[in-house]
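Chemist: Letter by letter, the chains look like this.
2 protein chains.
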Amino acid sequence: MQETRLDTARIRAARRLIDPVFLDTPLYRCDALEPELGCAVSIKLETANPVRSFKGRGTEMVASLLAEQGSRAVVCASAGNLGQALAWSGRGRGLDVTVVASRFAPAAKLDRIRTLGARLELVDGDFDLARERAADIARHDGIRLVEDSLDLDTCEGAATIGLELVDAVPPYDAVLIALGGGALATGVGHVLKSLAPGVEVICVQPLGAPAMTLSWRQRSVVTTDSTDTIADGVAGRFPIPAVLDDLLLVADDAVLVREESIVAGMRMLLDHAGLVVEPSAALGIAAILEDRDRFADRHVITIVCGGNVDMAAYHRWTR
Amino acid sequence: MQETRLDTARIRAARRLIDPVFLDTPLYRCDALEPELGCAVSIKLETANPVRSFKGRGTEMVASLLAEQGSRAVVCASAGNLGQALAWSGRGRGLDVTVVASRFAPAAKLDRIRTLGARLELVDGDFDLARERAADIARHDGIRLVEDSLDLDTCEGAATIGLELVDAVPPYDAVLIALGGGALATGVGHVLKSLAPGVEVICVQPLGAPAMTLSWRQRSVVTTDSTDTIADGVAGRFPIPAVLDDLLLVADDAVLVREESIVAGMRMLLDHAGLVVEPSAALGIAAILEDRDRFADRHVITIVCGGNVDMAAYHRWTR
Numbered sequence: 096m097q098e099t100r101l102d103t104a105r106i107r108a109a110r111r112l113i114d115p116v117f118l119d120t121p122l123y124r125c126d127a128l129e130p131e132l133g134c135a136v137s138i139k140l141e142t143a144n145p146v147r148s149f150k151g152r153g154t155e156m157v158a159s160l161l162a163e164q165g166s167r168a169v170v171c172a173s174a175g176n177l178g179q180a181l182a183w184s185g186r187g188r189g190l191d192v193t194v195v196a197s198r199f200a201p202a203a204k205l206d207r208i209r210t211l212g213a214r215l216e217l218v219d220g221d222f223d224l225a226r227e228r229a230a231d232i233a234r235h236d237g238i239r240l241v242e243d244s245l246d247l248d249t250c251e252g253a254a255t256i257g258l259e260l261v262d263a264v265p266p267y268d269a270v271l272i273a274l275g276g277g278a279l280a281t282g283v284g285h286v287l288k289s290l291a292p293g294v295e296v297i298c299v300q301p302l303g304a305p306a307m308t309l310s311w312r313q314r315s316v317v318t319t320d321s322t323d324t325i326a327d328g329v330a331g332r333f334p335i336p337a338v339l340d341d342l343l344l345v346a347d348d349a350v351l352v353r354e355e356s357i358v359a360g361m362r363m364l365l366d367h368a369g370l371v372v373e374p375s376a377a378l379g380i381a382a383i384l385e386d387r388d389r390f391a392d393r394h395v396i397t398i399v400c401g402g403n404v405d406m407a408a409y410h411r412w413t414r
Numbered sequence: 096m097q098e099t100r101l102d103t104a105r106i107r108a109a110r111r112l113i114d115p116v117f118l119d120t121p122l123y124r125c126d127a128l129e130p131e132l133g134c135a136v137s138i139k140l141e142t143a144n145p146v147r148s149f150k151g152r153g154t155e156m157v158a159s160l161l162a163e164q165g166s167r168a169v170v171c172a173s174a175g176n177l178g179q180a181l182a183w184s185g186r187g188r189g190l191d192v193t194v195v196a197s198r199f200a201p202a203a204k205l206d207r208i209r210t211l212g213a214r215l216e217l218v219d220g221d222f223d224l225a226r227e228r229a230a231d232i233a234r235h236d237g238i239r240l241v242e243d244s245l246d247l248d249t250c251e252g253a254a255t256i257g258l259e260l261v262d263a264v265p266p267y268d269a270v271l272i273a274l275g276g277g278a279l280a281t282g283v284g285h286v287l288k289s290l291a292p293g294v295e296v297i298c299v300q301p302l303g304a305p306a307m308t309l310s311w312r313q314r315s316v317v318t319t320d321s322t323d324t325i326a327d328g329v330a331g332r333f334p335i336p337a338v339l340d341d342l343l344l345v346a347d348d349a350v351l352v353r354e355e356s357i358v359a360g361m362r363m364l365l366d367h368a369g370l371v372v373e374p375s376a377a378l379g380i381a382a383i384l385e386d387r388d389r390f391a392d393r394h395v396i397t398i399v400c401g402g403n404v405d406m407a408a409y410h411r412w413t414r
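Sequences listed follow chains A and B, in order.
With my numbering applied, the first sequence corresponds to residues 96 to 414, in that order.
With my numbering applied, the second sequence corresponds to residues 96 to 414, in that order.
It is worth saying that the hints were derived from the structure and are not from the lab.
Values in this document were obtained by computation on a predicted structure and should not be read as measured data.
We put the CB at the ideal spot given by N, CA and C, even for glycine.
Mixed in with the good hints there might be a few duds.
[Said to hold, decoys possible] If the Cβ cut is set under 10 Å, some of the chain A residues that face chain B in the computed set are:
#1 Asp119
#2 Leu240
#3 Phe333
#4 Glu373
[Claimed, not checked] Label pairs and their in silico Cβ distance ranges:
#5 Arg214/A - Pro265/B: 45 to 55 Å
#6 Ala162/A - Pro130/B: 26 to 36 Å
#7 Ala391/A - Ala337/B: 27 to 37 Å
#8 Arg105/A - Gln97/B: 46 to 56 Å
Could you put together the complete structure from these sequences and hints?
Modeler: Spelled out as structure tokens, the structure:
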């Protein structure tokens with residue numbers, strides 16, 4: 096494999112910076128899903144922690160290093176989960192955390208960012224507008240900007256999931272990874288391609304927010320004018336070139352799924368696995384549902400990456 | 096502490112017999128529950144494994160030891176979770192597993208017992224009738240009977256949860272434990288009283304199935320004629336004297352909660368923690384809801400012990 100920006104030794108070292116509450120998450124075979132999916136499915140569960148998503152792995156690295164350097168403040172743009180995680184990690188280390196988010200983000204995510212003590216600034220636009228605003232704040236205030244997926248800590252934090260997958264027995268054939276900005280996909284993908292190159296790395300994105308997948312397919316950045324998906328956690332329009340370069344090295348495939356498959360995936364995870372997940376976390380199941388033949392009789396891991404969802408919408412989707 | 100039947104060294108050794116998929120389960124602070132409960136709450140989550148309850152810890156011990164001895168068959172009575180766990184543990188070791196259950200047990204539990212390859216025999220009565228029938232089968236067929244809570248493996252398997260709690264930081268003030276036959280309560284209670292005696296051990300049972308709690312209060316076995324609770328996992332009428340003796344040594348309190356509090360607890364765990372739990376797993380939250388003053392400003396752990404629930408009933412309870 097050509098070299099990505101990520102470094103396996105640094106990822107191993109990252110485990111020591113991350114609060115153990117985010118590490119060694121459950122990984123288990125879920126037989127009850129299998130009759131409907133036609134393949135062996137294991138769940139890597141990233142929702143049973145104080146921020147209900149995998150993002151704590153990255154923000155723990157960011158906040159540890161900032162605290163070590165004596166920094167006092169940090170800002171990020173967030174679709175909702177990074178902001179919660181940075182707020183949590185910053186709170187424990189006395190950092191002033193500012194989160195910029197879209198006012199259209201799920202209220203549950205925005206409320207939790209505030210509850211965790213971060214300053215929340217809302218923009219009247221989408222995640223990519225929030226990114227611009229966060230960069231302005233960082234420049235103006237002279238504080239550290241955490242850019243999800245561009246910032247190596249966010250990728251290498253997520254990559255610690257990959258280390259836990261590589262250690263797993265029995266061996267498995269493919270890993271399904273939600274694709275948004277790319278931190279999770281490049282992180283986990285880097286570790287798998289380095290340490291378990293036979294495992295297929297499949298990224299999954301909604302048809303309604305396909306920018307990174309289209310970019311991966313064309314091998315150059317493709318942007319879109321808008322997004323239209325319930326999977327708010329992965330809805331970006333402007334792929335970051337350096338992240339795309341990494342993704343081109345580690346992903347074996349990138350697939351797009353329909354909204355109704357995402358909803359069906361959420362419902363299956365609730366009914367057969369007892370898991371409440373946000374739409375982004377159901378992308379893997381959606382991918383299996385849309386191409387059962389591809390996965391037939393294989394053993395697939397899907398990373399259940401987040402569970403922050405507005406319950407009113409959730410009940411509507413899953414009833 | 097006077098000596099219970101349990102042994103801390105044997106409990107430590109048990110970790111080596113248990114498939115790691117059941118060990119080191121998530122333990123995390125759940126801030127989102129706290130405004131309504133008025134105390135710090137941490138969740139010990141026992142549902143993110145292949146059988147969705149803590150029972151695998153005990154059945155892994157039983158099945159490991161049977162396989163080592165060259166045994167071929169085993170039988171148990173089950174309210175539904177022990178049977179699933181024994182089926183899972185037996186399947187991996189080539190054991191013939193027979194489970195006797197009430198035909199009124201949740202269909203989801205009965206279906207999963209069958210799916211996991213066990214022979215399921217239903218009795219036209221409650222759990223205590225199933226216990227009699229399982230004992231008959233064991234006698235007739237000359238095979239090992241696993242008696243939940245009486246069998247030390249079931250208690251010492253559950254007790255491994257206690258080891259994980261004792262290792263936790265920050266320190267906490269009380270642990271809320273669902274009380275049924277007593278394996279979980281005596282197991283976790285034994286470890287806490289041995290290694291962290293300052294932590295209050297509080298057992299929680301439904302008012303509609305109070306036999307063990309009434310026995311604990313009177314310090315002698317009290318039986319009831321019937322049970323009336325949605326918490327099927329803890330609904331027994333005949334406490335086992337040896338288990339009561341242990342419980343008298345390790346429990347600081349045993350409280351009874353109303354059905355509406357159990358339902359409120361399930362709803363809170365869904366809405367604020369994103370956790371789908373069976374009624375027995377909501378007993379701890381129910382206990383806090385019924386006595387907020389007792390827990391005010393303390394740090395409480397509640398063991399979320401199982402998530403096997405009929406979804407139709409679940410939706411009815413939580414909507």
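Chemist: A separate judgement is required for each hint: does it hold in the structure or not?
Modeler: Do the hints match the structure? See the list:
no. : hint                            : in the structure
1   : Asp119                          : holds (6 Å)
2   : Leu240                          : violated (26 Å)
3   : Phe333                          : violated (30 Å)
4   : Glu373                          : holds (9 Å)
5   : Arg214/A - Pro265/B: 45 to 55 Å : violated (26 Å)
6   : Ala162/A - Pro130/B: 26 to 36 Å : holds (28 Å)
7   : Ala391/A - Ala337/B: 27 to 37 Å : violated (51 Å)
8   : Arg105/A - Gln97/B: 46 to 56 Å  : holds (53 Å)
The structure shown violates the earlier hints numbered 2, 3, 5, 7.
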